[in-house]
Amino acid sequence: MARLSPAGTTAGGVGTVRGSRGAVPVGRAAIGPAGGADAQARAANRTAWLLVAPAVAVLLAMTIFPAGYLLYASFRSFNLMNPDAGRFVGLQNYQNIASNADIRQSLLITLLFVVLAVGIEVVLGLGLAVILAKQSRENSIAATILILPMAVTPVVSALVWRELFNPNYGWVDYYLQKFGLIDVPIDWLGSSTTAWITLISLDVWQWTPFVALILMAGIQGVPREPKEAAAVDGAEGWRLFWDIVLPLLRPFLAIAVLLRVLEAFKTFGTIKVLTGGGPGISTEIVNLTIYRTALQDFSVGAAAALGISFLVFLSIAVPQLLKVLARNTDLVEG
Amino acid sequence: MSTATRRWLTSAATRTVLWLVIAFILVPLVWMVSTSLKPAGYAQTIPPTWIFKPTFEHYVGVFKGEAATPFGPLLLHSAIVAISATAIAVALGLLAAYALARIPFRGKKFLAMWILSTIMFPPVVAVIPVFILAGRWGLMDTYPALIIPYVAFNLPIIIWTLRSSIRQIPEEIEEAALMDGLSRMGIIVRMVVPLAAPGIATAAILSMLLCWNEFLFAVSLTRSQVKTAPVGINEFTGMFGTQWGAMTAAATVIVAPVLLMALMLRRHLIEGLTLGAVK
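One line per chain: the protein sequences are Y and V, in this order.
The first sequence: position 93 = 93 (this note's numbering), numbered continuously.
The second sequence: position 275 = 275 (this note's numbering), numbered continuously.
It is possible that part of the hints are untrue.
[What the hints assert, rightly or not] Capping the alpha-carbon separation at 30 Å, the derived lysine-lysine pairs in DSSO-like fashion look like this:
1) K266(Y) - K53(V)
2) K108(V) - K323(Y)
3) K279(V) - K109(V)
4) K227(Y) - K279(V)
5) K53(V) - K134(Y)
6) K323(Y) - K64(V)
7) K227(Y) - K134(Y)
8) K266(Y) - K178(Y)
9) K108(V) - K266(Y)
10) K53(V) - K64(V)
Honestly, the hints are just simulated from the structure, not real lab data.
Whole structure, please, built from the sequences with the hints as guidance.
Following this line, the structure appears as structure tokens:
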């Protein structure tokens, strides 16, 4: 980034200069033939921005613009049936959601879902990765099968889950009874605890392979030398894993956790189809609450205030996670 | 117990665990495919029927649509949306990825970080304005209303995947071409596209898979003209109550192409989904 030029400081954003360092190259430019380099840098700048512009435009249109629109809507009484009749209501929408116990519950439910699902997936995924890391024909077949759940359309996996856990004809209740684990069929989606078990088991089925395959790649990349050195010192089994392998696995754990957390916060289709947020609102994560409030109850103002609050929460929490990630991997470099 | 015995026992135990896990992973898929092939009357029995003469009657029913909306058009809509969104996203993503990989420019680091950070943006926040504006501009239940959001949501993954494939191309060839007076656009079309073809294919397949599976925007923005398969199957079961044969046949038809794509990608699936961080 040291391509600096005297013109850069005055070119109003076209040059490559960072203002504070402009003074240094002024002298240098006076000596060397930097005029050509400057023109070249400006041309490069223009080309680069032209190349990224279309992608950036679409991304802006689907992130910053909706966020701005929602921010605007969140200060108004905004009903979907009559969008133009909205009037300015100040912070009223925010006060309403802050005092709404259902919404506070939905935020807690969201956190609980993310922590439970990702937590279980990481523990199981790590165990699976350890087994899979040894290279063999058998493991390579297993790893291939492991890819499948991730690709299954979430709506379909939710529908399949609903029928597998069906209390009348479902395989789950039938085989649990047959093996004597339960006496009477369980109505899985009928009570909140069992609905949670059903829901989490679906997410675990679909996404544990993702974590496992990331960690498998990580374990396979652990160099032999430290393992052998530790083995010579008498470390074996769990100690070897805990002291040598796990620290080296940290970047992979960081990636897996970050991406799973981000995706878990976006979960919509599976829960919508499997439980619809129920029974009651016991599995209604915030995405479903926002969707219901806006597109089914038509209270866009309230949904917007909730959406903005969720966005603010994510933009505080996610950079913290990204920092952990940046410390551990090279994903986030210029 | 000798070391050899203990080692054999450990290995036997881990293999048992592994194959139990694999069985657990396959059960839902086995249920889906086997139920779709059971003759009417055998699909929903207690105890489950394991021995039966396979039939394609449910598949025929799903496409002929004797009772519900025929499924063919829904699959067509899904394919059109997935292919168009992917084509646009790969084209735009390639240009951006090239600039980020090769050209030093002002604001590059910030831009790269911003593009990466858009993966955290919750789609449910975007869907409300898109829904309102699509209604106002008469775009409800049209292809663009679905394609544009899908382009946006796939761009970060595509840009990141392509940026790392472009970086693997030796830069010297391009420098020589630049000296010879070829424009950046010329370089992208004539050199980067062929040399980064495997990366482009990976990004494209991954993007199609994600578009095909998308539900939130599809259920909010489509009614009948461009209704996609995941939206259709969700309503379909409601209409059929618990008609397992029809539902599982439709489910198998929806899932088959994405499973195929995942198997084509194999380990590149993880590479793509982790934005190239895990190879």
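Checked hints:
no.: 1; hint: K266(Y) - K53(V); result: violated (42 Å)
no.: 2; hint: K108(V) - K323(Y); result: holds (19 Å)
no.: 3; hint: K279(V) - K109(V); result: holds (23 Å)
no.: 4; hint: K227(Y) - K279(V); result: holds (22 Å)
no.: 5; hint: K53(V) - K134(Y); result: violated (41 Å)
no.: 6; hint: K323(Y) - K64(V); result: violated (54 Å)
no.: 7; hint: K227(Y) - K134(Y); result: holds (14 Å)
no.: 8; hint: K266(Y) - K178(Y); result: violated (37 Å)
no.: 9; hint: K108(V) - K266(Y); result: holds (28 Å)
no.: 10; hint: K53(V) - K64(V); result: holds (22 Å)
In summary, the numbered hints that this structure violates are 1, 5, 6 and 8.
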